[in-house]
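Peer 1: Each protein sequence line maps, in turn, to chains A and B.
Read in the numbering used here, the first sequence has 107 at position 107, and its numbers run on one by one without any break.
Read in the numbering used here, the second sequence has 30 at position 30, and its numbers run on one by one without any break.
By construction, these hints were calculated from the structure, which means they are not laboratory data.
Glycine residues also receive a C-beta, built at the ideal position from the N, C-alpha and C atoms.
Treat the hints with care, as some may be off.
[What the hints assert, rightly or not] Coverage of chain B stretches by chain A, computed from C-beta distances (three or more under 8 Å per stretch; other residues unrestricted):
1. 33 to 46
2. 252 to 265
3. 300 to 309
[Said to hold, decoys possible] In silico contact screen, one side only, chain B against chain A (beta carbon under 10 Å); selected entries:
4. Phe23
5. Phe26
6. Gly61
7. Leu62
8. Tyr90
9. Ala99
10. Ala130
11. Leu134
12. Arg138
13. Leu141
14. Leu145
15. Ala154
16. His161
17. Pro164
[Claimed, not checked] Which bits of chain A does chain B cover? Going by a derived footprint, with three or more residues having C-beta under 8 Å, they are:
18. 7 to 16
19. 195 to 203
20. 206 to 213
The lines below spell out each chain.
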Amino acid sequence: MIRRILAVTVKELLQLRRDWRTALALLGMPVLLLMIYGYALSFDVQDIRLAVVDSSRSAASRQLLQAFLQSGYFVQVAVLDDPRPLDALFDSGRAQAALVIPRDLAADLAARRPTGVQFVLDGSDSQTANTILGYARQIVATAGPPLAGLELEPRVAARPLVWYNPNLESSIFLVPGLLAFILMVSSVIATALAVVREKERGTMESLRATPLLALELLLGKTLPYLLVASVAAATSLALAWALFEVPVRGDIVWLAAVTVLFLAGGLGWGVFISTLADTQQVAFQLGLLSSMLPTLLLSGFIFPISSMPPALQAISHIVPARYYIAALREIVLKGVGPEVWWSEALALVAYGAVVLVLATARTVRSL
Amino acid sequence: MSAARPAAAPETVVSARELSRRFGDFVAVDRVSFEVERGEIFGFLGSNGAGKTTTIRILCGLLAPSSGTASVAGFDVATEAARIKTRIGYMSQRFSLYADLSVDENLRFWGGAYRLWGAELESRRGWALAAAGLEELRSTLVRELPGGYRQRLALGCALLHRPPVVFLDEPTGGVDPEARRRFWDLIDELAAGGTTVFVTTHSMDEAERCHRVALMHAGRLLALDTIRALKAAFPAGCVLDLASPQPVAAMTLLEGTPGIEDVALFGDRVHVVVDSPERAAGVAAALASGGQPPTAIEPGAPSLEDVFIKVIRDAGARPGP
């Protein structure tokens, strides 16, 4: 059995070597997509128009304002004594955020009383508002202690601590999802096309007349693509580390293991698609639709699953990228081991097994 | 013209009993029965859509029969398809090679698919290269090979595991006559060595090289015998060969004449098939009255095509079952 799987694999690799365009696309596309999306798809917000209502007019308030402006995220558009004109500033869009510093700030700080500053946000774009709030919290938290030369911590109403991604940079958060997206799309399409090509060229009929088993054929055909996709994944991850400074805190072995599990599921789905399609065109479209949309929308890649309606949340359970992205974030950003993400890994194993059984059953019947 | 049958004791290798295959309401194969013996070249003739390929696919275990039974190399097609696949070679109508692989790479892959490996695979690969005359071209990509070479390579691939039976589905389509002749020499050798060759074709030239031929039409098996016996069964005195100074004009004239079943041009001679010996006498008169008197007229031998046209015409005239 191993020998026959290898015979198919060798043949597939030889064909892939001759078909350098496909090989290049399989290896190059993930890298290209990573660069394009990595740079373009960013939730980072810059030049946030900040209005300041400084009723304190103290050294402490000036220091806080400086901290905001020096962060590089905020530009000051107005300094007011009174919060009432803020409404007009927000309505006209001249301000996106406002920092309201109470009169008693310096006094409270000096008296070591709990105190706080008010941060007003234009919430009409919740995604942006959230990001801005993240920045502001970070600035207040880190600029806090030197503000009065005192221990500020116990007096600040809320002191958010952002772990793993202290600057809340979206690229660090997005790259795992991007990786999942790229690998899913390319693995599904590559295998779907590879199997359908045999049907289109008529060689499938000849293969079926040999003692080669459906499982041997499918494993032999997916193995080379697993190899190529793994190389593409490693390249993408290295590039993410080099270009976007995505840290890889966890064990690279776990990372590889989870990635292979995820890829196996994607390849299995590609084979399943190939049993539904008779032409490469149809296979390409089915593969693209069924891998791209769920991975983009229902995996937590861009939209948090917890904020989806219950029906979509339920559907997201059958999207393998959901588990892969979750596990990847745990491994890459947090550096934790399988004791944390074992359920995600198990879900990927289950998905791979179900898809492979489905694909083999359909291949036996329909090819 | 048909080659001599092997002398070995008859041994049935392929048999079909009342074999049928329906696709919805369409009956592709309609209660077909036949037996093929070891070492026989068995020709399956018929136009496109006659049911030839469907029958082959059932025999190869690629398609289940709707009713009836068939066995290949002693195994039942419906229940023992996996065993059959180790004992047959199959060369499909559509191209069964990888055009983007070299000759050697194709042989290695198909050898692997037929469960050969190591020294045995190497020796069989050498045999196939020699048989197909491809030793010099072993590193050439198949897409760069001329059609005739491809066909011989495809046959070589199908024979790597020494199957007792090979099924060739229209193996020589689109190949020049010289390549076709070489291919058939290979088939003769195989049969002489005891391999059973089951071949479909719609070429009469190829049919002439088969030991026995079966004619399929609209899913039914209309005739099955040796070429000689089929021709001998053709009614005597119904075929004429005539010479004419203007053969095309003579042909056109005869085509409109009642009782003439078929007119064909062979070189400068006109081949005429009539529906009865009595009618044959009127042919010369009909030509003369049309202003195209023949320079010579003599009894001719029926071609295989004449035989099949008549068989199909008779089947059409017969009330359906």
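Peer 1: Checked against the structure, which of the hints given earlier come out wrong?
Peer 2: When the structure is compared with the hints, numbers 1, 2, 3, 4, 5, 10, 11, 12, 14 and 17 turn out to be violated.
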